[in-house]
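Chains A and B, in that order, give the protein sequences. Under the numbering used here, read the first sequence as residues 2 to 813, first letter to last. Under the numbering used here, read the second sequence as residues 687 to 843, first letter to last.
Everything labelled a hint here was simulated from the structure, so no lab data went into it. Possibly wrong hints are sitting among the right ones.
[Unchecked claim] Partner residues are not named here, just some residues of chain A that face chain B (Cβ under 8 Å, in silico):
# : residue
1 : ASP636
2 : ALA731
3 : PHE732
4 : ILE735
5 : GLU737
6 : ALA744
[To be verified] A short, non-exhaustive set of chain A residues, derived as facing chain B with CB atoms under 7 Å:
#  : residue
7  : ARG19
8  : THR546
9  : THR563
10 : LEU565
11 : PHE586
12 : GLY589
13 : GLN591
14 : VAL592
15 : PRO593
16 : ARG611
17 : LEU612
18 : THR618
19 : ALA635
20 : VAL722
21 : ILE725
22 : GLY747
Just so it is clear, CB atoms sit at the ideal spot from N, CA and C, and this is done for glycine as well.
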Amino acid sequence: MAIVVHFALAAVLPLVARRYGRAAFVVGALAPAGTLVYALARAGEALADTPPLETAAWAPAIGLEFTARFDELAVLLILLISGVGTIVLGYYAGYAKVGDHRTAARDSALLVTFAGAMLGLVLADDVLSLYLFWELTTLCSFLLVGGDGLRKRLRQSATQALLVTTFGGLAMLLGLVLLGTAAGTLRISEILADPPGGGVVTAALLLILLGALTKSAQVPFHPWLPSAMVAPTPVSAYLHAAAMVKAGVYLVARFSPAFADHPAWWIPVVGCGLWTMLLGGFRALRQYDLKTLLAYGTISQLGFLMVMLGIGTWMSALAAGTLILAHGLFKSALFLTVGIIDKRTGTRDIRELSGLGGRWRVLTTLTTLALLSMAGLPPLLGFLGKEVALEALLHGGPVDMVACVGVVAGSVLTVAYSLRFLRGAFARKPDVAPPPSVPCGRVMTALVAVPSLAGLVLALAPGLIEPIEAGYADRYGSDPGYHLALWHGFTPPLALSVGIVVAGYLVHRYAGLQRLGGRVPSGLQAQNWYTASVDGLEHVAHGVTGRTQVGSLPVYLGVILTTLVVVPGAGLLAGGVEFGALRLFDNGLQVPLAVLVLAAAVTSLVARRRLTAVLLTGVVGYGIGAWFVVDGGADLALAQFLVETLTLVVFVFVIRRFPPRFTQNREYIPGRWVKAVVAGVAGTFVAVLAVLYSGYTHGMPEASREYIERAEDETGATNVVNAIIVDFRAFDTIGEIAVLAVAATGAASLILARSRKRTGGDGTSDEPGVAEGTDPVGGRDEAEESGDAGAVRSARARDTGPGDGPEPEVTS
Amino acid sequence: MTINITMAVMLAGLYSIGFYLLMQRSLMRVILGIVILGHGANLFLQVAGGPPGEPTFVGTAAVEAMVDPLPQALALTAIVITFGLTTFLLALSYRSWALLGHDEVQDDVEDRRVAEAELAEREIEDEAAEAERVAGFEAPEAPEAGPGQTDEEAGVR
């Protein structure tokens with residue numbers, strides 16, 4: 002229901018925007034806000050043992066339906082999607098340029114569509130609608146990043162995001178279908194309740210993970226996310242921090258309860274997650290652009306989430322749930338802060354910002370809260386999440402310990418880049434002139450306050466969200482009696498947290514360490530891999546086209562003929578061939594006729610003069626007619642003789658206009674031999690087919706016998722062939738007449754079009770091909786033409802006239 | 687009932703010559719090739735009719751002695767349509783002659799362009815690789831880290 006409301010609202014938003022400009026964002030915010038309230042009101046039902054289920058038939062004939070399932074995980078994500086969505090849409094109303102109605106219309110509609118698609122994604126309970134919404138979010142992201150598409154940088158980033166995530170999405174579709182087939186149902190809840198096994202499932206899981214890892218910007222697919230930072234900041238805040246990149250995390254979270262023990266599942270998830278967490282933090286240390294810094298931070302945090310989900314215990318699931326929420330809140334607050342800084346000062350480069358902390362005290366405080374949450378310091382939600390995470394990892398096996406070391410190292414980096422953000426954005430730097438003094442805007446600051454303070458409130462009262470997360474965690478096993486709290490006493494995780502903060506500060510403090518930060522050899526940079534693979538693909542496409550599409554008709558025909566011989570020929574050889582008894586001839590007249598026909602045909606090949614070749618072809622035609630007589634086809638022979646005569650007449654009329662000889666052959670001799678061999682083999686092959694085919698015919702078929710017997714009674718004709726043409730199969734004949742009419746019309750129009758141009762006589766030719774005077778042969782033809790144009794035209798008209806003439810003559 | 691060898695040889699000859707003419711550059715030869723292929727195809731149709739027999743006029747012979755009338759009717763249609771096709775093709779070649787001054791089958795311009803661009807690109811790449819070898823290879827910088835800029839220079843620590 003709520004999804005439909007989103008889409009409907011998105012459809013009308015452009016109209017609102019055209020009239021009221023950026024107020025459209027506020028109207029758009031109503032949809033996620035309403036969803037948030039509705040979801041909270043019904044949250045109790047979601048926590049019940051059997052969550053609410055809604056089913057709408059989509060294509061019942063093939064068993065497709067859309068099922069929405071409202072469970073704890075969905076509630077958690079909806080809090081994020083709708084909550085952050087409301088804030089971001091409201092914020093965009095202040096961020097957008099006044100008077101730019103086009104952008105307002107596009108972005109508001111797309112953002113609301115996106116919110117609806119995300120909603121559908123987390124609610125969908127069947128794999129196909131999951132995929133549908135998944136790709137819908139990708140498309141929204143493409144359009145939002147691409148913006149108006151006028152700048153190359155925008156287009157490149159949008160295309161990269163689209164290519165990478167769609168590649169993953171398609172892999173995921175394949176994986177989902179494989180999984181659904183293996184499980185015998187497309188319903189996710191049923192697949193998870195009774196997970197299938199076997200080799201197919203391993204492949205399916207890897208494919209699904211490919212989708213999740215690309216969507217959530219995990220190494221080595223991450224470069225699209227920093228590139229996508231060219232999008233407007235509210236878009237980045239929503240899609241690339243809070244919501245869309247969470248889709249991959251959501252997918253892993255959705256399938257982990259059933260497959261967390263599967264090696265094909267947890268090894269890539271934990272491995273990529275750790276790698277991503279460290280690399281993202283490492284790269285973030287060197288960024289000067291606040292947004293790019295946050296983007297790498299997001300990558301790092303997403304890696305963290307992946308690790309926790311891949312571990313797959315009750316505690317780690319609780320940690321993941323808390324962190325998903327915490328990350329959504331603090332990261333959106335930080336992005337919105339960057340948006341304010343960018344809009345008010347005109348830059349978001351650390352090297353150009355100075356002294357904002359003293360001027361914008363409220364904003365600085367709020368941002369600091371969000372940063373503390375990101376760094377995992379009390380008393381904020383990020384701290385709660387990290388405490389649980391460390392607690393979960395410390396009490397596990399060797400894999401968990403490795404993960405623990407990775408997570409600690411990643412957290413140290415997180416502290417370091419959080420400090421970098423704080424200093425870079427707000428600190429006074431002695432050698433940088435502070436930007437011009439402007440107020441930071443009350444409404445926008447207030448909107449930053451919401452997620453920022455939410456992190457604080459939820460941390461102080463974790464009971465508000467714990468039931469939801471614990472409900473999700475219960476799928477991994479029983480509750481070990483842990484509760485989210487700021488204070489657990491002096492525990493190992495607390496000690497680790499202190500150590501992390503100290504180490505993070507040291508990493509930030511010492512420039513020597515920092516200069517190392519972010520340096521990755523160019524050969525290992527994933528962005529270069531992406532560029533290389535895209536370039537390579539284009540290169541291969543170009544190369545293949547350049548080599549196969551040579552543009553020469555004879556070559557194409559040669560390929561077709563060779564295929565004709567090779568493919569069915571191989572089939573014949575494989576199937577075993579039996580030739581029946583062959584006779585030399587059935588009628589003594591056949592041999593001289595065959596000699597005549599073949600001799601004429603061969604001579605026409607070598608004829609240099611056009612008329613000779615045409616006449617020899619005529620001989621072939623008459624020879625065939627005679628053959629028909631011998632064969633017993635009187636009507637056929639008659640038609641053949643008549644048509645052959647007409648053809649000759651038409652040919653002679655046309656070649657009158659051409660030079661008497663064929664154009665000199667430019668081709669080299671080997672080419673001619675290749676052609677001859679290909680043609681000879683193909684022709685022989687056809688004859689072999691004929692022999693084989695005739696071996697399988699036995700006597701006259703039933704239909705023909707019926708035709709002969711019924712001809713006189715039903716049509717009154719004694720000539721059976723005639724009866725067939727004009728009566729039994731009269732519709733064929735109508736078609737034939739139509740073909741002749743079309744051919745005659747076409748031929749006439751081709752010739753008359755030229756005549757009109759001639760008689761127009763304005764001298765300026767509109768046909769680019771006519772090169773009068775430059776081409777000696779063409780010029781001669783033009784001169785000749787102008788002399789007896791009238792006579793030629795009427796003659797041509799007369800001989801195209803008979804084109805449809807012979808038809809009644811032959812069939813009657 | 688297997689056909690006789692003369693028929694098979696004739697089919698092979700007509701089809702081979704037709705195919706060969708079809709692969710020629712002269713449009714007039716291509717048309718002649720289509721005409722000859724048409725003859726071959728009409729003959730092929732008669733393969734379905736079995737060996738020679740009496741013409742199918744009711745009452746002149748026993749049904750068993752007659753040839754199959756159906757392939758004949760089909761071939762008759764085919765003959766007439768081949769004629770229509772030939773006329774149309776001739777008009778086309780005439781127009782090609784009138785407009786372009788020749789009746790050659792040209793290579794597809796667009797295809798040639800792609801092929802040539804591909805060739806040229808390969809040459810340029812070879813040259814570039816050569817130039818690079820001469821100049822010495824220099825590793826590209828990471829896009830976000832400007833060359834030579836450290837944190838101290840930027841005033842941030």
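The hints, checked one at a time:
1. ASP636: holds (6 Å)
2. ALA731: Because about 11 Å separates ALA731 of chain A from the closest Cβ in chain B, which is outside the 8 Å limit, the hint is violated.
3. PHE732: violated (11 Å)
4. ILE735: violated (11 Å)
5. GLU737: OK, holds: GLU737 of chain A within 8 Å of chain B, min 5 Å.
6. ALA744: holds (4 Å)
7. ARG19: violated (38 Å)
8. THR546: holds (5 Å)
9. THR563: violated (11 Å)
10. LEU565: Result: violated, 10 Å to nearest chain B Cβ.
11. PHE586: holds (5 Å)
12. GLY589: violated (10 Å)
13. GLN591: At 5 Å from the nearest chain B Cβ, GLN591 of chain A passes the 7 Å test, so the hint holds.
14. VAL592: Holds: closest Cβ of chain B sits about 6 Å from VAL592 of chain A, inside 7 Å.
15. PRO593: Cβ of PRO593 of chain A sits 10 Å from chain B, so the hint is violated.
16. ARG611: holds (6 Å)
17. LEU612: violated (11 Å)
18. THR618: holds (5 Å)
19. ALA635: Hint on ALA635 of chain A: holds, closest Cβ of chain B at ~4 Å, below 7 Å.
20. VAL722: holds (5 Å)
21. ILE725: holds (4 Å)
22. GLY747: holds (5 Å)
Comparing the model with each numbered hint stated earlier shows that hints 2, 3, 4, 7, 9, 10, 12, 15 and 17 do not hold.
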